[in-house]
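S.K.: Residue-level listing of the chains:
Protein chains: 2
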Amino acid sequence: MATVPLKDELDIVIPTIRNLDFLEMWRPFFEQYHLIIVQDGDPSKTIKVPDGFDYELYNRNDINKILGPRASCISFKDSACRCFGYMVSKKKYIYTIDDDCFVAKDPSGKDINALEQHIKNLLCPSTPYFFNTLYDPFRDGADFVRGYPFSLREGVSTAVSHGLWLNIPDYDAPTQLVKPLERNTRYVDTVLTIPKGTLFPMCGMNLAFDRDLIGPAMYFGLMGDGQPIGRYDDMWAGWCCKVICDHLGLGIKTGLPYIYHSKASNPFVNLKKEYNGIFWQEEIIPFFQQMNLSKESTTVQKCYVEMAKQVNEKLGKIDPYFVKLSDAMITWIEAWDELNPPAKDSAKATNAASK
Amino acid sequence: MATVPLKDELDIVIPTIRNLDFLEMWRPFFEQYHLIIVQDGDPSKTIKVPDGFDYELYNRNDINKILGPRASCISFKDSACRCFGYMVSKKKYIYTIDDDCFVAKDPSGKDINALEQHIKNLLCPSTPYFFNTLYDPFRDGADFVRGYPFSLREGVSTAVSHGLWLNIPDYDAPTQLVKPLERNTRYVDTVLTIPKGTLFPMCGMNLAFDRDLIGPAMYFGLMGDGQPIGRYDDMWAGWCCKVICDHLGLGIKTGLPYIYHSKASNPFVNLKKEYNGIFWQEEIIPFFQQMNLSKESTTVQKCYVEMAKQVNEKLGKIDPYFVKLSDAMITWIEAWDELNPPAKDSAKATNAASK
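Here the protein sequences line up with chains A and B, keeping their order. Once you know that position 57 of the first sequence is 56 in numbering that gives the first Met the number 0, the rest is easy, because the numbers rise by one and skip nothing. Once you know that position 245 of the second sequence is 244 in numbering that gives the first Met the number 0, the rest is easy, because the numbers rise by one and skip nothing.
None of these hints come from the bench; they were simulated from the model. From a predicted model like this one, the values you see are computed outputs, not experimental measurements. Be careful, since some hints might not be right.
Which copy is meant is left open, so a pair is good if it fits within one copy or across any two.
[Said to hold, decoys possible] DMTMM-like mimics (lysine to aspartate or glutamate), calculated; alpha carbons at most 20 Å apart, straight line:
| # | residue 1 | residue 2 |
| --- | --- | --- |
| 1 | K178 | D139 |
| 2 | K104 | D188 |
| 3 | K178 | D142 |
| 4 | K64 | E337 |
| 5 | K6 | D209 |
Please model the complete structure; the sequences and the hints are all you need to start from.
M.R.: Here it is in structure tokens:
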């Protein structure tokens, strides 16, 4: 497949609290794209962006100004704030990356253009209904193997491309504590569709998605400042997105591309943040595994609102936090729709946005 | 993990119609194991086996003698006959390989010991209930990633290890015709569990399994001589095994090891054999996807008999072939139990076998 740069159709979203020196290494791959920088923490601090990059930057004051009271749905002092960037983008595709992620090398020693691989992943179909043992059948040199039903070979649209990490693997705090020296050195040369009905731990470090297809479900939840949980922002988005993709007949791919993750975060700090998540996920995951969305939920927004109600009813019993999260999910959708009025019904939407 | 040779616990099953010269290349890896050779076609032909291998060989006359009228469940003039070897084995593990498969090389140029990798796969747990984005968490240098529920990290026993093929990929006849020159050159350095609820096309070319856990479901169906279908023997076994593994809480892994598949079979001949399979699988696969086995089916045999009844009832409508296949499935289980009397109830079983 030819490389499609999608220059005018993709934004790169970066949450940060520091100067973006890491962009220097990405210059050959990112410079042609527009960046949306979501500054976390103290808004009076100045974030330096290397010369030559085309960007817009939002700090907490900007978020409060743009969203008003609805800004409450955007986390503070947590990289979950990045989802504000998804909301203000006007592009079809989003790539989001952490500021401690660098360009990785493939086994031949060549720099990996992560964005190019994500675009390839998003532009070719997914195959969630049957497993192909030679992995992505749309890749050069591969195909559907014997026994793959012909009726399923068209595949479905790919909504999410989940990339991986060389060097520091994305481990939870207990695993970090137990294996402080483990590094991921294995380059697995594959991309595959996560089958329908199977949940996965989605990491926000190196992630691309189709905003038009799944954007409103890419909410990173309430984390960090004032919340009883952290480091579950991307997990939350991953569970919600996977259930909605399964319901709407969309695909999620994982595997290539790799980035080089430079530095492990502090496992002691992480343990404190993850503490509740580690407990709660034992109930949250079965909740999502068993979730049924109604036939009436035909759009991502409708699915997400239905999901928010179930979160309130069923997870609210675990902790009042989930009632608050459920409300925030609704607020997020309201804010999304305000900033992204549906094209088909633009008069009504503009009206709503001007309220 | 240390390499466990399992010398006394594994048989290698090879279906063939010719002299087994291909074993010369496998000598360093296979010589310590016992071979069960299932000779297909003309029983008067002599199959030469290279010196130094420890083997037993069964031709059609032997099969008829051992199984009597029940020999009808073993296919003739089709490599599906290999499953007779699974039945007569007394070992815990089976590795089966086609006689046109040679030793492949890993990217460093080293010969791949396929059997060693299969044993590793079978000896470490599977994780069918949640997807791990760094693939097999039990492999050296890997683990469960952040967000993987701790309650699921023990995994389940692995029943099947499905290996892959470099050079000639396992394509169906239409794909062979369209892409006659395609070769698989991509070495994907991974093993992964096929998630619960997801079916896959199981290829019998390079396959290992735990006979104690799943043996009675490894029936390769009625193919070849006198049957309206061929080249779906391993697919049939794969669908049945996957549904039963899901029901009983067992795992199936796919990926490493690779073998080198030397020669594509004739696509015109294959098209004739596959013709019905290509049509029928469009109904068979949804049938297996929707299959529910009852709580009473607590053993592989009970699952398989229940499945046979559903094949009769539901697939029998497609073609009378499935009624015949359903009967053969029952016959297979009867023959299996006769040759493999349950240890717990050996007196009764011995009695049945001596009838």
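S.K.: Each hint: holds or not?
M.R.: Do the hints match the structure? See the list:
Taking the closest pair of Cα atoms, K178 and D139 come within 20 Å of each other only across two copies (12 Å); inside a single copy the shortest separation is 37 Å, beyond that limit. With identical chains, the CA atoms of K104 and D188 are at most 20 Å apart both within one copy (12 Å) and between copies (16 Å). In this assembly of identical chains, K178 and D142 lie within 20 Å of each other by CA distance solely across copies; the values are 10 Å between and 38 Å within a copy. Taking the shortest alpha-carbon separations for K64 and E337, only the intra-copy value of 14 Å comes in at or below 20 Å, while the best inter-copy value is 78 Å.
In this homomeric assembly, K6 and D209 come within 20 Å of each other (Cα to Cα) only inside a single copy, at 14 Å, whereas the closest approach across copies is 52 Å.
Figure legend: structure checked against the earlier numbered hints; every hint is met.
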